[in-house]
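J.: Here's the letter readout for the chains.
6 protein chains.
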Amino acid sequence: MADKGCLMVISAHAADFVWRAGGAIALYSGRGWKVRVLCLTFGERGESASLWKAGKSLDEIKRTRREEAERAAEILGAEIRFLDVGDYPIEVTPALRDTLVQEFRQHQPDILLTHTFLDPYNADHPRTAELVRETRILAQAHGYPSEDPPIGAPQLYSFEPHQPEQCQFRIDLLLDITPVFEQKRKAMECMQAQEHLWAYYTDVAKRRGVQAGRNSGQKIVYAEAYQRVFPSVGGAFV
Amino acid sequence: MADKGCLMVISAHAADFVWRAGGAIALYSGRGWKVRVLCLTFGERGESASLWKAGKSLDEIKRTRREEAERAAEILGAEIRFLDVGDYPIEVTPALRDTLVQEFRQHQPDILLTHTFLDPYNADHPRTAELVRETRILAQAHGYPSEDPPIGAPQLYSFEPHQPEQCQFRIDLLLDITPVFEQKRKAMECMQAQEHLWAYYTDVAKRRGVQAGRNSGQKIVYAEAYQRVFPSVGGAFV
Amino acid sequence: MADKGCLMVISAHAADFVWRAGGAIALYSGRGWKVRVLCLTFGERGESASLWKAGKSLDEIKRTRREEAERAAEILGAEIRFLDVGDYPIEVTPALRDTLVQEFRQHQPDILLTHTFLDPYNADHPRTAELVRETRILAQAHGYPSEDPPIGAPQLYSFEPHQPEQCQFRIDLLLDITPVFEQKRKAMECMQAQEHLWAYYTDVAKRRGVQAGRNSGQKIVYAEAYQRVFPSVGGAFV
Amino acid sequence: MADKGCLMVISAHAADFVWRAGGAIALYSGRGWKVRVLCLTFGERGESASLWKAGKSLDEIKRTRREEAERAAEILGAEIRFLDVGDYPIEVTPALRDTLVQEFRQHQPDILLTHTFLDPYNADHPRTAELVRETRILAQAHGYPSEDPPIGAPQLYSFEPHQPEQCQFRIDLLLDITPVFEQKRKAMECMQAQEHLWAYYTDVAKRRGVQAGRNSGQKIVYAEAYQRVFPSVGGAFV
Amino acid sequence: MADKGCLMVISAHAADFVWRAGGAIALYSGRGWKVRVLCLTFGERGESASLWKAGKSLDEIKRTRREEAERAAEILGAEIRFLDVGDYPIEVTPALRDTLVQEFRQHQPDILLTHTFLDPYNADHPRTAELVRETRILAQAHGYPSEDPPIGAPQLYSFEPHQPEQCQFRIDLLLDITPVFEQKRKAMECMQAQEHLWAYYTDVAKRRGVQAGRNSGQKIVYAEAYQRVFPSVGGAFV
Amino acid sequence: MADKGCLMVISAHAADFVWRAGGAIALYSGRGWKVRVLCLTFGERGESASLWKAGKSLDEIKRTRREEAERAAEILGAEIRFLDVGDYPIEVTPALRDTLVQEFRQHQPDILLTHTFLDPYNADHPRTAELVRETRILAQAHGYPSEDPPIGAPQLYSFEPHQPEQCQFRIDLLLDITPVFEQKRKAMECMQAQEHLWAYYTDVAKRRGVQAGRNSGQKIVYAEAYQRVFPSVGGAFV
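Chains as they are written, first to last, in the working numbering: chain A, 1 to 238; chain B, 239 to 476; chain C, 477 to 714; chain D, 715 to 952; chain E, 953 to 1190; chain F, 1191 to 1428.
Hints were generated in silico from the structure; no laboratory data involved. Please note that a few of the clues may not be correct.
As the list claims (entries may be wrong) - Straight-line Cα separation of at most 25 Å, DSS-like style, residue types lysine-lysine; simulated pairs:
1) B:Lys291 / F:Lys1409
2) A:Lys206 / C:Lys682
3) B:Lys444 / F:Lys1396
4) B:Lys457 / B:Lys424
5) D:Lys920 / D:Lys933
6) B:Lys444 / B:Lys457
7) E:Lys956 / D:Lys900
8) F:Lys1409 / E:Lys956
9) B:Lys444 / F:Lys1376
10) F:Lys1409 / B:Lys457
11) E:Lys1158 / D:Lys920
12) A:Lys4 / B:Lys457
What the hints assert, rightly or not - One-sided excerpt, in silico: chain D residues whose CB lies under 8 Å from chain A:
13) Asp812
14) Arg841
15) Leu852
Glycine is no exception: its CB is placed at the ideal position from the N, C-alpha and C atoms.
From just these sequences and the hints, can you work out the full model?
T.: Written as structure tokens, this is what we have:
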């Protein structure tokens, strides 16, 4: 299957990949790509307010978030790995950097999806984005120590943050996720602790769908928005 | 042939389309697309210094520039139309706007290529870009009077200006023009009055080719750079 | 009533003020302010696609759009005036400029609401915004001929465009319109020709409401987003 | 008194809060708010040139700067705490982050004032700004360990840097400090080592006062300029 | 004298050149350069509020402003020409464009000074800046009809607007005007109708002087700030 | 010789100073300035792909890169020091910061050249730029411990990155390196492992030369592009 390509999604917290890139994941796994999600943390401190209010312990919360994310990944057709480095704040260490480099070396991704480089509402998100941008470069270097060969030049996209207008988020790509939206919806529903976001992100997908239609003249119901870090390269206007 | 699509290039002066989009034109005409170039002017006042220095009259210069541009278009496989509205400065009139709207209505372009929206070295270029952006919108409106039906939502790209760093030019797409570069070179050589630019734009194409290679991991020798005005829309990361 | 203040909304087309500022209008008219809407055009060519498709004539369309806008203004508690200068494109003439200056002189607005200064999907919108920014300045000048006295320094806000991320729209103010949302909804429903936008802008109001809550810790259901052109001035952090 | 609200000012060095936010502090303390100043350092290395030139020791300089800042805070009506983490450079450690989080948790600020996010003349300032932006988020998280409850969504403002045009400082708010300017002047005069700045920042306050008048039509003599990090939220245009 | 070079200042209104570039003018005229000021208007409507309040007629105001500007130019050592095209608003016509082109052709300036390209407080200023940027290009074109030869590539600078932070004014050059400040002060004092600005712009010059000192380590008392439109070119870092 | 001034170049990897600032170095050393190059690393991991492919060891690679850089520095007339802190990634430690501060204190540079603050293709480059910007400030502080006196306010420039359009590189200065280009070419040819860059950077120098000519009207063949961090200060428009 990996012949077809590999999509990697680097998610600061356990649920980010679902709200922000669930459609992309379902789309590519459905096409036979390997899709691999790296969760740096479970979002245990920063994005589990209702569990804390319900009196859960840190361990319970991590277990709950892990189980939810695993179910969501399964629905979307993705592998998932939890690095469990601790959130709020994520500390970027040499060990964490090396883990990402070795992941990229081993899985040779064609496409990388992660957070935006600015987010005044969340410091873990831009830190993750910078970490990915840097480790992608390290993984390209012949001199970086590894048992696996250097990677090529995988594309890197930022997925849509919660408040895009405050994050200098520029939409470069509206990805049509209409064929897989039901999968994304089911994956979102795994996130029991964040039920208020199910409808919210369904509305986001609809609005991006309307915009995708207006920007293409095609009939599109649901879409996800992405910002490119590097130029597209190819033989056609796309 | 138009079944395959229509690419329109709107060029402020007679030669702009060659230096900036000659590869794209050759590529698409070679694929059986209709490619249509609109030259708002011959560049008779602003971009024909050597002919003025040689003592030519305005009419001679316009004829010369027209002939060169026609030969270049022929080499590239494009139709060409000259609006002859006078350059340095181009005055945007209601009549000029309407001409563009009717062109878009009649030819139903899928892709539009034109100048950047900022250029401190040339006031005709950004004015043309704004004209295209606006007339594309007018051509979409059902209420705009025309014998032809409204257009859809053609993509709009800015091609690379002469001094990109001073024009806030962001490269969104590196278009691989390796297979057609010889055609572009021959088309450039039609511009007798601007021989100093042949080598210059060959170098630009090489440098963009190197960057295309670095950004994709592919082997690319020559490329052209483009900036997108609207988001891409589709079912894949491109 | 004018003692309490005057809010003026300058709308390029007949319906813009409803989708984009209907909540603000209802809020301020409900507080006893004079709210005055200037529609430069009926949106007859550019924003009445369904009426054109239904075979209506230009005059019928203008009449229909006028009636809808008048009903919407009435529901929102605003005066409305149509300048009927023709849309797609709006041509900015000295006469149009003077009309706006005299409006500002006569009504002495405290707050002005209009479009954004960039909108790649609509050329009438930024042109209207620039017109308002300039005529506000002219109306301040003692030497500008008028029977009415110069205005002070009314605040100027851009309301939210259809695709904010493509318009460099920065949210400076989230206006809580929860108490008047039903009025805005009823006003939107006057726009028979644009029924697809009722739900769309209800969703926008909800999403802005969620963001208003997150940015303030208050319970807010519906909000409208605005961008400031000039700094706030006052004796408190607001 | 805290019923009325709490304003916290986070100052990289001992004197920053006086030059940049002294008016705001006097204004709010005069209204019965609790105003609390956190000085990360005494500015002992980086902003005490005249004391070093006079041959003072590090300890003497720290004592002098502390005494000046304490007097200034007293004049302005503020509490003050010195974290003494060492300046030039300030090193951001987990312990420093936690200290700020616990401060926010304990004092539950309604408004936060700090430095800008860019300052090519001072690396401690943007580092402090990022520290405040991040710790404000951490303090909001239910899962962050603390004996005090999470904070809401306090507004965050950057005060004016020394060379605003080089710091991308955008003025969002001109705060009228006319009623308290004499207090600010007296507080500035506590800074014996920086006498050249007394007149300088009196001039800045006057210029901002003139601008406040021009932007509002009100009579304002002295003002301070602030940039907002998050949107305003409320029921009125402000 | 013209052997030494020619500095041209294009001023939207009669007094702009004094407040914003008076130091530069005195400096260069003192060095034997030809300095030529073009005032597009007298600022009769937009910048003569006190004369209007005093009941003067349009003709009286224009005469007064002309006399003041002539005296100021004389003090600064500059030629001055009034185009009297009418302010608030300045209308850019083909005739006005041609006048500027012929001025540039005839006087062959080495340096051009004018307004900024953004100013939300004054629409005449950015319009003048765009006019100068465009006519400079036209004057370079061999094909533009004129009895005088094309110009080279004179540098173009924006001088400091009244509220620089709102005009995206970036300071690229701090010009030391200490040796000529008294001349600038005397020239400012010619502007009887704007006495409130004498002290204001003396303060601006002092503040820029302080910044010039900080940015260079030199002893500078008064300076003017400028923004470059084109790159510097030369054999040294400057 | 140091009387004439001191130019310091801070290079993340061993070869950066050659491609990006070789002309400036040759120009200033030829004028009798002290030119001092600090290489933070040998570029051993990140910029020595061909040596890794040839099976060299880390130590061999470092030795090779050192020898090449030493030869290049000699050709250009510069001193060179290698800090050998390890590349890909460079870790910024307090010790590294102090080393730079002491270098600046000891050599009292008048001009500093380094990388850009953004580079999505290389994380070491912006980190080095931030390091230089900060340590320059530290070296200015009287309270920073050192045996050498504080520095003044040396200018700081970014040299041109490999893909300037992706790095927000704005050209503020085109430095004419025509008289020393042969030296730069020879220095480039010392970099045996990067032969593909010799022609590439010769082309860059030519293109910048063409632009330098267009922006000045002078005859310039080769140039290097630089972006300024602080305003120029002086008595002339430059």
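J.: The structure should be examined with respect to each hint, and the outcome stated for every one.
T.: Hint-by-hint comparison with the structure:
1. With a C-alpha separation of about 19 Å, the suggested pair Lys291 (chain B) and Lys1409 (chain F) falls inside the 25 Å cut-off, and the hint holds.
2. Taking the CA atoms of Lys206 (chain A) and Lys682 (chain C), the gap is near 14 Å; set against the 25 Å cutoff, the hint holds.
3. Between the alpha carbons of Lys444 (chain B) and Lys1396 (chain F) the distance comes to roughly 14 Å, so the proposed pair stays at or under 25 Å and holds.
4. Straight-line distance between C-alpha atoms of Lys457 (chain B) and Lys424 (chain B) comes to about 23 Å, which keeps the hinted pair within the 25 Å bound.
5. Taking the CA atoms of Lys920 (chain D) and Lys933 (chain D), the gap is about 12 Å. The hint holds against a cut of 25 Å.
6. Restraint check for Lys444 (chain B) and Lys457 (chain B): the C-alpha separation of about 12 Å stays at or below 25 Å, so the hint holds.
7. Between the alpha carbons of Lys956 (chain E) and Lys900 (chain D) the distance comes to roughly 52 Å, so the proposed pair goes past 25 Å and is violated.
8. For a cut-off of 25 Å, the pair hint linking Lys1409 (chain F) to Lys956 (chain E) stands: about 20 Å separates their Cα positions.
9. Between Lys444 (chain B) and Lys1376 (chain F) the CA atoms are separated by roughly 23 Å; this keeps the pair inside 25 Å, and the hint holds.
10. Between the alpha carbons of Lys1409 (chain F) and Lys457 (chain B) the distance comes to roughly 36 Å, so the proposed pair goes past 25 Å and is violated.
11. Proposed proximity of Lys1158 (chain E) and Lys920 (chain D) is supported: the alpha carbons are some 14 Å apart, at most 25 Å.
12. Annotation: proposed proximity of Lys4 (chain A) to Lys457 (chain B) holds, straight-line Cα distance about 20 Å (limit 25 Å).
13. A hinted interface residue such as Asp812 (chain D) counts as satisfied when its beta carbon comes closer than 8 Å to some beta carbon of chain A; here the least separation is about 10 Å, so the hint is violated.
14. Hint on Arg841 (chain D) is violated. Least Cβ distance to chain A is approximately 13 Å, over the 8 Å limit.
15. Satisfaction of the interface hint for Leu852 (chain D) is found here, the shortest Cβ-Cβ separation to chain A being roughly 5 Å, below the 8 Å cut-off.
Of the numbered hints listed earlier, those contradicted by the structure are 7, 10, 13 and 14.
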